[in-house]
Structure formats: C-alpha cells, structure tokens
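Enquirer: What follows is each chain in one-letter form.
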Amino acid sequence: MLKVEHLSYEAEENGIRRRILSDVSFTVEDGEMLVVTGPNGGGKSTAANLIMGIETPSQGRIWLDGREITDMSIDERAIEGIGFAFQQPPRFKGLTVSRLLSLAAGRELAGKECCSLLKAVGLCGKEYKDREVDNTLSGGEMKRIEIATVFAKKHKLSIFDEPEAGIDLWSFSMLIKQFEKMHREKKESILLISHQERIIRMADRIMVIKDGAVQKIGKKEEMLPSLMIGDAGSCTCMQHRGGAGNETGCSDE
Amino acid sequence: MKLDAVTSRILKFIDERGFRQKGAFNLRYNGQAVCHGDTENIRIVKKKDNPGIDVYISGGTKGEEIHIPVVVAASGMTDVVYNDFYVEDGADVIIVAGCAIHNDGCNEARHDGIHSFHVGKNAAVRYEEKHYGEGEGTGEKILNPATKIYMGENSVFTLDTAQIKGVDSTVRETYVEAGKNARLYVTEKLMTHGEQSAISNMEVQLNGDDSSAQIVSRSVARGRSSQVFHPKAVGNALCHAHIQCDSIIMDQARVSSIPEINANYLDAQIIHEAAIGRINSAQLIKLRTFGLTESEAEAVIIEDFLK
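Each protein sequence line maps, in turn, to chains A and B. The first sequence maps to residues 1 to 253 in full-length UniProt numbering. The second sequence maps to residues 1 to 307 in full-length UniProt numbering.
Bear in mind the hints are in silico, worked out from the structure with no lab data behind them.
In silico BS3-like cross-links for lysine-lysine, where the CA-CA straight-line distance does not exceed 30 Å:
1. Lys93/A <-> Lys165/B
2. Lys220/A <-> Lys187/A
3. Lys307/B <-> Lys126/A
4. Lys177/A <-> Lys187/A
5. Lys219/A <-> Lys154/A
6. Lys12/B <-> Lys189/B
7. Lys93/A <-> Lys12/B
8. Lys121/B <-> Lys62/B
9. Lys232/B <-> Lys93/A
10. Lys307/B <-> Lys119/A
11. Lys93/A <-> Lys189/B
12. Lys93/A <-> Lys307/B
13. Lys307/B <-> Lys112/A
14. Lys153/A <-> Lys307/B
15. Lys130/B <-> Lys93/A
16. Lys112/A <-> Lys181/A
17. Lys119/A <-> Lys177/A
18. Lys177/A <-> Lys3/A
19. Lys148/B <-> Lys130/B
20. Lys189/B <-> Lys126/A
Given only the sequences and the hints, what does the whole structure look like? Please build it.
Expert: Okay, structure coming up:
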C-alpha cells in the first residue's frame, strides 16, 4: 500500500518561490487502481514525481508497504517496488529496445520475452527489439516502449503518467486491455494519471488534483457523475472514448 | 608460436573475433613480424623497403578473415609500420587490425600504422581497427594511424574503428577516394579520459557518380581530456554523404567538432550533423527508475552510446 501524507512541493520560477503542490494526502491500497485526473498544470505529474523520488518534497512523508521512503533515492524506491512510466520518455542513442527492456526487467530478457512485452503495447517485437531508442522512433512508439518497460517487471506500485498521450486509437485499445488485465489480476497497485474516459472508468477510486491540491477523492461510482457532467468545481479535462490524443477539453487554467 | 600472458590478454581487447594463428594472419610484436600465415586466397608478403607487409587478396576470397594485430610492449619504442592491401575485383574480406600498447616504463611507447587499401571493382572490405593502451608506467601510450582508401567501381568499404581506453595521445588521419557507385561506411568510436588527447581528421572525396559515404562518429570525453574531429566530405560527382558526429562531454573535458562539406558538382548532396552535450539527466533518471544507481546508469549510457 502507498500512503502519502501532507505532501507539498515548492519550486523557484524566475526568482519567485511558487507552491506547486500543497498538503496532498492519499493512499493507494494493495491491488487498487487509483486514477488521478484534473486540469493540466494542476500538479498531478509533480505528485507522481515526488512518489518516485524524482523531485524532493518541501513537506510531507511517503510510505510504501509501511516502510517510509520519503528520503530514499529514485533507485532505492525502484528496488522497493515502484515502477514509473514517464509522460515524455527520454531517447537513448545506441541503446536498443531489447536492452532497455532487459534493464527494466533487471535481467537479460530472451528475444521471446521482449517480443511478448512489445506485443502487449501493440508493437511487433521482431521489428522493434533491435532498434535503437533514438529519434528514429516516433513519439507514439517511444510512449509504447516506455509503458512496456513498466510491464517488464512486477512492482508493488506502477505509476503511469498519461499513458494515452500520443498513442493511436488501435494501440490505445490494446493498452486498455493490458491495464484491465493488470487490474483484474490485482497483483500490484496502480496509480494512473489520465484524462481519458476509458481509463477513468477502470478506476477503483478517482482523485482530482487541481491548483496543487486534492480537490476530490472517492470511489468511481461516486466521482463519475460529477466528472461526466464536468461541473464547474471539478473540471477534469476528461477526454471521451476514442480521443487518445493530446487534446483537452478544459479551459479553466 | 606461444604467446606470453600479457600479449594473449591484450589481444583480446583489440581482436574481439579472436586472434588465432590460423588462416591469414600476421602478428607484429615490438616492431617485428613474429608469426604469419597465408591461405589459398590471401598472401601476406613482408616489405623489402619499409617495415610492414603487403597483403594480396584474390578475387576468389569470400568472407575470409585476416587478422593483423600489433602489440607494443616495450617502453621507449617507436614502431612505424606500412601495410598495403591489394584487394582484387570481386573479393569479399574482413580485415581485423588494431594495436595494443602495454607500457610499464617511464618512456613513451608509440605505434604509427600507415595503411593503404586499393579496393577493386565490386569488392567488399570490412576493416576493423581497435586501439587500446595499458600499463603501470608513466610513459605515454601513443597511437597515430594513417589510412588511405582507394575504392573502385561498385566497391563497398566498411571502416569500423574504436579507441577503447588507455591511449594518451592519438592523431588519426583518414583519406578516402570513392569511385563510381562505391559505398563507404565509417563508424568511429572514441573514449578519452584523464589528460588524453585525440584528433581525428578525415577527408572523403566522392569522385564517382552514385558514390556514397555514411560516417558516424561517437565519442565520450571524460576527465580533462580533449578531442577534435574534423570530418570533410567533398562531392565531385552525383553523390550522397552523411556525416554524423555525436559526443558526450563530462567533467572538465573539451570537444571540438569541425565539419567541412564541399560540393563541386550540382547534384552532390552532403549533410553534416554534429552534437556535443553532457549526459541527459532525463536518461539518468529513467535508468534509475529501473533500480540502477547514478553511476551504473551513467556507465550503461556510455557503454551503449559507444557500442
């Protein structure tokens, strides 16, 4: 179980100290899927980065399975069992897709294993495993490979930051099936940042982060009606079925 | 011939295919050719006027390997060697060269390998050259290769060079003339550290119609080392050339990339791309999310970048 308590984060922009996240508390239970949604710039990715240790909180504590991880480094948190798929994954010259997946798995993967991971994100293993993770790959291909890196290993908690962004509809459908499978198996907790209706509908609970604070958190059944009608207080930029692009319907920022 | 332990060990660094005293081979050790072998298609002849060898590769050669490593294990030695390769029309050959210096003394140890390749029509040559230095002494380890390649019609030449580690100073000179429909592929990999310096000058003259060159240079400069790249492509006919130089710079190192592209013909298409930069922090973070420490992540990035 992930437990986040009173998490705050401040950053300096143009010499001015700005609070990005303020007193955020929530949990992700074992086997639970928590979908985090809300307007762009609201602090969702910052919260995810703080959990992974990519940013350091100005206040607050984080626990994973009862063990405090607040002061742990990124790699220590990875070893503790957190997996992370970036919204904009980096490219690597010289590093092949199969090598990246093996590094993610923490062991040398056989060709078949690489193919199976790539298939899960809609890519042909034979075609991609020996390609370099460089700018010869499109943004959508990069994104799918990024998601496959998290699938490469079992985690206590897997974090996906807008997995739908930049992915075509066919691949998106495959991805949804993978998330549904993960969720069904309930072997790991999932924290998924998304604006996508189909993803939001998969959640056990939904959390809305806006203006750096948790605006609402609750069971899907309780949260969905207000999200669907997009009431003024909880505009989440939700994209509807079939819209896996970068568009957001929100203009309240 | 039985090789000593140091020679056997360091040969493995420069000849990853595995040096064996079988087939076509020539081992040069401290300025002397100590063993050699010919095959039905490949003849290695000791030069009479200069130190070095002439290698004659017949048109019937198909996929055969020639191993011609050099080992310098004497402090204070300057070894200059002239090797000329005559590749007949239609031959298909892999040449594995390279030099390893083991210097335990306080004087410099140096090897200048001056090579020329005369590549016939429709011939295919893959030339692999790795450089490596080691030793407990304070004497410098210096390697200065000079390579001239003359490519005949429809020939293919793949030049794969790597400076693995331990070379204090290197000046590499490469000159290529490409004939009609000749295709040149160059991969240059270089790692410098400490106070080391490396200079690589390359000139490619694309003289024949439909000739092409693809040159990829990747380097990592660490410590206070310095690197200078000066690739030059000259299009004298309907031709294509693409030069790509990428360098990772670390610590207090210095890297210069000085592209030069010249077109002397209307239909010459020549492109140069160059990039120098530190290791991207996003790359480090990504690998750390797999459980690698920062230094492990850095090592992976460098290793794969140079692979």
